[in-house]
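What follows is the residue order along each chain.
2 protein chains.
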Amino acid sequence: MNTLLQPKTLRGEHSRAAIFEAALALFQERGYEATTMRAIAERAGVSLGSSYHYFASKEHLVLEFYRHTHQLHLAAIGPLLARERDLASRLRGTIRAVVVTCEPFHDFPGAIFSTVANPVSPLNPFGKESKALRDEVIELYAEVVKGSDARLPDDIVAELPTLLWLYQMGILYFWIFDKSPGRLRTLEVIDQTTELIVRLLGLANLPVLRGSRKKILGLVRSVAQGT
Amino acid sequence: MNTLLQPKTLRGEHSRAAIFEAALALFQERGYEATTMRAIAERAGVSLGSSYHYFASKEHLVLEFYRHTHQLHLAAIGPLLARERDLASRLRGTIRAVVVTCEPFHDFPGAIFSTVANPVSPLNPFGKESKALRDEVIELYAEVVKGSDARLPDDIVAELPTLLWLYQMGILYFWIFDKSPGRLRTLEVIDQTTELIVRLLGLANLPVLRGSRKKILGLVRSVAQGT
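Just so you know, the sequences run in chain order A and B.
In terms of this note's numbering, the first sequence is residues 1325 to 1551.
In terms of this note's numbering, the second sequence is residues 1325 to 1551.
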């Protein structure tokens, strides 16, 4: 590493973090729509040009927010994945950690989450700009599956991580609308759905279900590629 | 009917329709965000107060848009439901008619559709204001199921319409992101998923699947109630 560059890089890291923190604070104070890049730059104590240097748009700040929660999630789930071999426990723990990690941001203006249904937004979960993060989440679910002691057919092992990523989006969607105290309803739904998923995986080898299994996996592959 | 009121009512209907048409035109020309209630009133040739009398907010105009497409959908699917008894054909026809009916609006600004993931928006599909329309769509799927010659267990007949409403939302979500010509990919996915649904319904009576079936139906009931 070129040590001459290091101080500049560190300063850059510092500015980047300050902009990100200012944005989060303003989103919570004023709402997402009402927050401008100018206001974010002022709060962070940097120039407007500098803000745009680090984040091309307000939406890129939300993408950074997603990355941030993903890092929190990885840190939260690490110990369990290192210790536990039972697939149901690994899956339940991982998806539960997603919503528990995101809980402090639950009352974030809905506008932030609503961009997931906007195909022209760089934040939509199928878009180019969110691909790196999407791949990381799918990779995490591959680890959830491969690190377990469950014996699953190869075709299922290949598609299950993508299916679990879709499942995580479904749970997060439910969580956004969940008004129960501490989002306990979401935790219950996670208990029920993870048990159901593992139960159905156990049935997937039944001859009578083999045709449906092939069709489901083909569908997951095709939907994931087509987007 | 009080005939003295009729002319006024008709005039009211006319204003309401003019405001709705002006809104649709402006959403397509300028985008949803950039369109104001004032601009809509001007285009419709009515006062701003009159606009707010018929539609409490811009979002209520989008709710009207959903109602409008639902009416188009009902009209499109009527003949098939009157004639066809095969469940797979009824289901495929019904869900296909949704996307074909919505096709002229596909390039509508994503912002309109993105409100579905916003819990504070009156447009979110689980909210109070969209309940009437949601119930109508669930009622339509009840008719799709009940008018078929499929023999299904009572517990499935009870929850299937709600499940099919969720399925319709999933297909519409896929359709929003579909960039294939004429949205042919969505039509393919509809073929594959409706076939799979009917196949799985046929297996639901297998003793080995009875436990999973109970759990899945309980989950649908609980998720639909909880929201």
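Bear in mind the hints are in silico, worked out from the structure with no lab data behind them.
Since the structure is predicted, the reported quantities are computational estimates derived from the model, not experimental observations.
Some hints here could point you the wrong way.
The list makes no distinction among identical chains, and a pair is therefore deemed to hold if it is satisfied within one copy or across any two copies.
Unchecked claim - Below, in silico cross-link-like pairs of lysine to aspartate or glutamate (EDC-like), each with a Cα-Cα straight-line distance of 16 Å or less: (1) 1539 / 1512; (2) 1455 / 1357; (3) 1539 / 1515; (4) 1539 / 1427; (5) 1538 / 1519; (6) 1539 / 1483; (7) 1382 / 1337; (8) 1470 / 1427; (9) 1455 / 1431; (10) 1503 / 1410; (11) 1382 / 1345; (12) 1539 / 1519; (13) 1539 / 1478; (14) 1455 / 1345; (15) 1503 / 1427; (16) 1538 / 1478; (17) 1452 / 1515; (18) 1382 / 1427; (19) 1455 / 1479; (20) 1538 / 1463; (21) 1539 / 1366.
Cross-check of the supplied hints:
| no. | hint | verdict |
| --- | --- | --- |
| 1 | 1539 / 1512 | between (29 Å within a copy, 13 Å between copies) |
| 2 | 1455 / 1357 | neither (25 Å within a copy, 27 Å between copies) |
| 3 | 1539 / 1515 | between (26 Å within a copy, 12 Å between copies) |
| 4 | 1539 / 1427 | neither (36 Å within a copy, 27 Å between copies) |
| 5 | 1538 / 1519 | between (22 Å within a copy, 13 Å between copies) |
| 6 | 1539 / 1483 | within (12 Å within a copy, 23 Å between copies) |
| 7 | 1382 / 1337 | neither (18 Å within a copy, 41 Å between copies) |
| 8 | 1470 / 1427 | neither (28 Å within a copy, 42 Å between copies) |
| 9 | 1455 / 1431 | neither (26 Å within a copy, 23 Å between copies) |
| 10 | 1503 / 1410 | neither (31 Å within a copy, 40 Å between copies) |
| 11 | 1382 / 1345 | within (13 Å within a copy, 32 Å between copies) |
| 12 | 1539 / 1519 | between (22 Å within a copy, 9 Å between copies) |
| 13 | 1539 / 1478 | within (15 Å within a copy, 27 Å between copies) |
| 14 | 1455 / 1345 | neither (24 Å within a copy, 38 Å between copies) |
| 15 | 1503 / 1427 | within (12 Å within a copy, 34 Å between copies) |
| 16 | 1538 / 1478 | within (12 Å within a copy, 28 Å between copies) |
| 17 | 1452 / 1515 | neither (32 Å within a copy, 27 Å between copies) |
| 18 | 1382 / 1427 | neither (22 Å within a copy, 30 Å between copies) |
| 19 | 1455 / 1479 | neither (23 Å within a copy, 41 Å between copies) |
| 20 | 1538 / 1463 | neither (22 Å within a copy, 32 Å between copies) |
| 21 | 1539 / 1366 | neither (54 Å within a copy, 53 Å between copies) |
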